[in-house]
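Asker: Residue-level listing of the chains:
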Amino acid sequence: MKGVIVQVGDPKSIVLFNNGKIQAIPTPPDCHMGMVVTVKNNNAIKIIIITSIAVLLLALGIFIGARYWGTDHPPVEKPWQGGHGHGYMMERGR
Amino acid sequence: MNLLTLTEKVSLAKSDKHFLNALLLDYMPFIKKCVASSFFKSQSRADNLTDAMLAFAHSVQTYNQEQGAFIQYAATVIRNRLFDSVRKELSARKRFFSFSTLINEKDTTWETEISLQAYNKAEEEEKLSLEIEEINSEFAKWGFSWAVLLKKCPKQERSRRIAMHVAETVRQDADLLADTLRTRQLPVSRLAALYPKKALENYRHYIIALIILSQGDYPYIYSFLPHHFTIEEENS
Chain B
5 MKGVIVQVGD PKSIVLFNNG KIQAIPTPPD CHMGMVVTVK NNNAIKIIII TSIAVLLLAL
65 GIFIGARYWG TDHPPVEKPW QGGHGHGYMM ERGR
Chain F
25 MNLLTLTEKV SLAKSDKHFL NALLLDYMPF IKKCVASSFF KSQSRADNLT DAMLAFAHSV
85 QTYNQEQGAF IQYAATVIRN RLFDSVRKEL SARKRFFSFS TLINEKDTTW ETEISLQAYN
145 KAEEEEKLSL EIEEINSEFA KWGFSWAVLL KKCPKQERSR RIAMHVAETV RQDADLLADT
205 LRTRQLPVSR LAALYPKKAL ENYRHYIIAL IILSQGDYPY IYSFLPHHFT IEEENS
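Which chain is which? The protein sequence lines are B and F, in order. At position 32 of the first sequence (counting the first as 1) the number is 36 in our numbering, and the numbers step up by one without a gap. At position 169 of the second sequence (counting the first as 1) the number is 193 in our numbering, and the numbers step up by one without a gap.
Next comes chain F alone, as it looks inside the complex (with noise of 0.2 Å):
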């Protein structure tokens, strides 16, 4: 995937999730960089982290090669997003205010337009519902389901945490990733050298839902799923 150009990857990614998934994580300290320079304080940023993951996803989608640079346009796509979703919020609380000042005039009919084209809430929640149905079915063939992962979501953040970091590792290795697709059981006495066993054990459900959710094959899923910022992304 490396040898393609961006513009080659994205309209790979148009048609393959799996391209999609890629050029997400490819591209996730670049709309870490987009949610850090437009992010609000009266905003979550893990919200604002989903919904410009959700606008890069449609950015891909909606792209064609006579707008322009492909990064300039999932940059303008993913500003617009997010100020559209602090507008939303603001008049919420009827405490509209025009953002004119924030944004330079000139671009604004361009911007908006390509906000427009770019966004369509129906469709990316269509999108998502074809990905949950998927993924109902890949869970019964694992043997559980939303309402036990409903029951054995660890509760704690920290228990949460340590379910997130059992995944990834999970992901990172090969052979782990191969054993536990394989026999459809997750490695319990093979992590249990690097994790409590007893947070395996409970969380095992939750771990495996994750390693599902995070392969590369329900891409919109994914933006749901927690991305926490280094320090330094905080900060920048």
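Chain B on its own, in the form it takes in the complex (with noise of 0.2 Å):
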């Protein structure tokens, strides 16, 4: 992103961006009004964030998927409770 310094100050300078942004930027050195400045976007901090949530996601991810689905539940058997089913009916014919 190329701008224009506009106004020099200290700390900070006012630069008049080719985006129309009017944006504060720390003054370079041998700073002057009129000087043409390149400002390069650092991701570095958008990356480190991005891959700490998607780690993050992927770790909470596998915790879930251990918790619920990887232990190994035995159906559980439950006692004959009567009722009209089978039994009942032969139990009834006999």
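No lab work stands behind these hints, which were simulated from the structure alone. In this text the structure is predicted, and so the values were computed from the model without any measurement.
In silico DSBU-like pairs for lysine-lysine, Cα to Cα no more than 30 Å straight-line:
1. F/112 with B/44
2. F/176 with B/50
3. B/25 with F/57
4. B/25 with F/222
5. B/25 with F/221
6. F/112 with B/50
7. B/44 with F/175
8. F/165 with B/25
9. B/16 with F/145
10. B/44 with F/179
11. F/165 with B/16
12. F/41 with B/25
13. B/44 with F/145
14. F/175 with B/16
15. B/25 with F/112
16. B/25 with F/145
17. B/16 with F/112
18. B/44 with F/57
19. B/25 with F/176
20. F/176 with B/44
21. B/16 with F/176
22. F/179 with B/50
23. F/165 with F/175
Footprint (simulated), chain F over chain B, 3 or more residues, beta carbon under 8 Å:
24. 10-22
25. 34-46
For glycine and all other residues, C-beta sits at the position ideal for the given N, C-alpha and C.
Both chains are sitting in their own frames, so use the hints and assemble them into the complex.
Answerer: Okay, structure coming up:
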């Protein structure tokens, strides 16, 4: 992003950027009015944050997976409760 | 101005800022075409356009008829300027490579000479500085400064686009423009039918600054205002 320094100040100078933004940036060395500056967006912080979020989500996914599906749950056997099932009809027939 | 030949326009633009700005506006499609033809993926198109506009303004200042047709001369200056900026960026990244494969060997010497002659960074910055001083006194007449604009400048790209559309609407309408310049106030009530009143109120100073900067008195600073590419220009 290119811009031109429109007001020199200490510690920050005002820059008119070619995307229409007017921003204050730390005053570069040998700064003067009319100086053309190029500012590169620093994506390092963005990358670190996105990577951290991705890692956290992955870890959460693994944890949930291991907690609910990873362990072996044997089928629960319940005692016969009676009622109108096959056994009842057979008993009645006898 | 339309009756004049291009060479006459160029010689007039050397001494008259309005002519220079008009020439910049008239030849914007040509400048954008130059940018599109020598666009590198590592570069931002907006940065290239700013460079190309500054190079065009310089080519107007340095052109003389003995150098052949102006268009060819301007195209060479713009192309060399864009190559220079790519070279600078690549050397900054320690990944410099030669452009000898991209440029015709025969033209290299001639083009480099033109490039050096045309591109004088100090001179360009001096012109920018003079324009900024004029802008500062103009802003003072309207009752604001860059410090105010810093606070009032829209943060979102969408809001800036709205502000630019408003400024363009005022600039295109002679009555609105005359009223704005006479009263030194944005005609909010008349514009409220077209744009959200809140945006007009909030970005009033920024819109006025855009109107002042794009009026034609500051051709060098004008290169730093956003000029969007159309879809066709993007694809060309």
